[in-house]
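Colleague: Using the hints, position chain E against chain P.
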Amino acid sequence: MMLLTALPVLIPLIAGFLLIFASTKSYRLQRVLNLAIVFGLILLSFKLVNTSLLGGHQVYLLGNWVAPFGIVFVLDQLSALMVLITSILAFGALWYAVATKADENGSYFHVLFQFQLLGLNGAFMTGDLFNLFVFFEVLLLASYGLLLHGSGAARTKAGLHYVVINLIGSTLFLFAVGALYGVLGTLNMADLAAKISTAPAENLGLIAAAGLLLLVVFGIKSAMFPLYLWLPNAYSQTSAPVAALFAIMTKVGIYAIIRVHGTLFGIEAGELANFYTPWILGLGLITLALSALGVSASTVLREQVAYLVLSSVAILLIGIGINSPAALAATFYYLIHSTLIAGGLFLLADVIARGRGEFQDQFVTAPSMSSAILVGSFFMFGVVAITGMPPLSGFMGKMLILSAALDHAWFASILAVVLIAGLLMIIAVARSGSLMFYNTKEVGEIPGEKLNAYALLAVIGLFMTGPILVIFANPITAFTELVAQQQFNNQAYIDAILNTPAKTE
Amino acid sequence: MEWLIAIMIGVMTSAGVYLTLRARTFPVVLGLTLLAYAVNLFLFTMGRLTVGQPAIINPEATGYADPLPQALVLTAIVIAFGMTAFLIVLALKSRGELGNDHVDGLDADELKLKKLAEDKVKDVAENKESNT
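Line by line, the protein sequences are chains P and E.
In our numbering, each number is its position in the first sequence, counted from 1, plus 18.
In our numbering, each number is its position in the second sequence, counted from 1, plus 63.
No wet-lab data here; the hints were simulated from the structure.
This list has only true hints and no planted wrong ones.
In silico DSS-like pairs for lysine-lysine, Cα to Cα no more than 30 Å straight-line:
1) E/Lys156 - P/Lys43
2) E/Lys178 - E/Lys191
3) P/Lys213 - P/Lys521
4) P/Lys119 - E/Lys156
5) P/Lys43 - P/Lys119
6) P/Lys468 - P/Lys119
Facing chain E, according to a computed beta carbon distance under 8 Å, are these residues of chain P, among others:
7) Val152
8) Ala171
9) Thr174
10) Lys175
11) Gly177
12) Leu185
13) Ile186
14) Thr189
15) Phe193
16) Tyr199
C-beta: ideal position from N, C-alpha, C; glycine also.
Next comes chain P alone, as it looks inside the complex:
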């Protein structure tokens, strides 16, 4: 039972090494192997979710050292949910990469892909702050490789910005970790939470400073205002499957805020309880307003989708900032929806760019592409979901968050910003859709490639989340409410980790 907690980290690690050896052989072998492993990860994550539903926390002690002396992996409902979303998104992105042969544009795509999953799953499973830093570095290093995969001057330029800002983020992370260790003498998250609640008053200022420094670090990862400027460029310049996989990368920042700040500065933290939430709520509202302007100002579809990702991050930040169990449950529902739909939209943008040939995905009048009605219908489906129009999942998610906001003191500004930003985004995507699919030149032959049906399958698969989340809204919201309740019950988390005995055999 305990090993199950370590498996989501071990499998990508071993698979990554296997794929290094396989990369000397044919692409066929690598693709089959990688697809099989990611499919296995999906099955494993369903098993993880099932186990986590029993309640309680599954704790794995690395090297059999008890917490807080050793590193722990913790499986609870939140980490199981994140691993599940990651593996479903990864399967869609990988399927698209294989179907369009995007993995042949450079070497080691599949190896980097598995190491990316290793970093992501590790970040979701770990219960130790320094170990979280290490897994952040693993996932970042893999993401640098994936971002630059396939080369090109524009990609290198965007990659340089992405690498430099993340290196600064890593340095700040270490400063925060060092300050917390210097004051509290531990780095285990459960132990930190227990020690913060009994910390003497003269240390609280330093702890708060370290907490806000961590918020800056996670803000860089999740692209929070004013640290989002790297995102639109990096996401729109990289290859489509990588951009789709990166839809989860911003959510790692969101997860880290929920996990680290929610646990360390929960209601038990005395004077520091929830001191960070006004920051997140305010910055989330600003991010949402600016991302709506970005969506309206985009001249290329991929850039527009990148700004739509930014807007979904902003809504998640608002959900965290409201900070009630209902709001957090709505946040998790929106997180499932926004990650998978945004991933699908990045893939669809590439399908459109391929179909339009030299016109790419720019918002200009061009000859009609092949299978324009089919692709256009999917475009409409995707943007209806992501901008939050009924009847798809975005509407449900936004409605849940807004109804949770009604009890909050800032409800007027939250409602105003979310609804006006939503309206701006609907107008912008309607304009871009009509430019690409209605306002076409009559003459001339079809400019680009024919529609790749296998590639479209990945888009369909990811877009299926939209209707599924609505049809099964009742069981899914029941699940996200459980996740939120478990996340708010910090004492159970602390007890489970600090009281896990070492294995004796």
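Modeller: Quick look at chain E alone, frame taken from chain P:
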């Protein structure tokens, strides 16, 4: 000793921040390296400064140095080292692909100046030709 180390961390951080804000890739790489040095020293001092104390259990010891920050610093050094190596290669790649070492790639103003200078040289050469 404390004030000396505190000043060193401060100087390295400020120099690192200054260099990171420069417009060429090489100073940026140096700035990030300095920031990494500063944070390593900071992490090390977070175990408190002790002189001549063992880090592992010893029955004759009167006190101990905290071994954990030393392990953290080792990890941080290895990661920073690897990242710096990667960043240097990326900076060289961008220098090769974009044609200059500006962090934003092609510097529009500079290109304009270069073009003006070239035009002027051409004009002068043409004038000379027409004169002779």
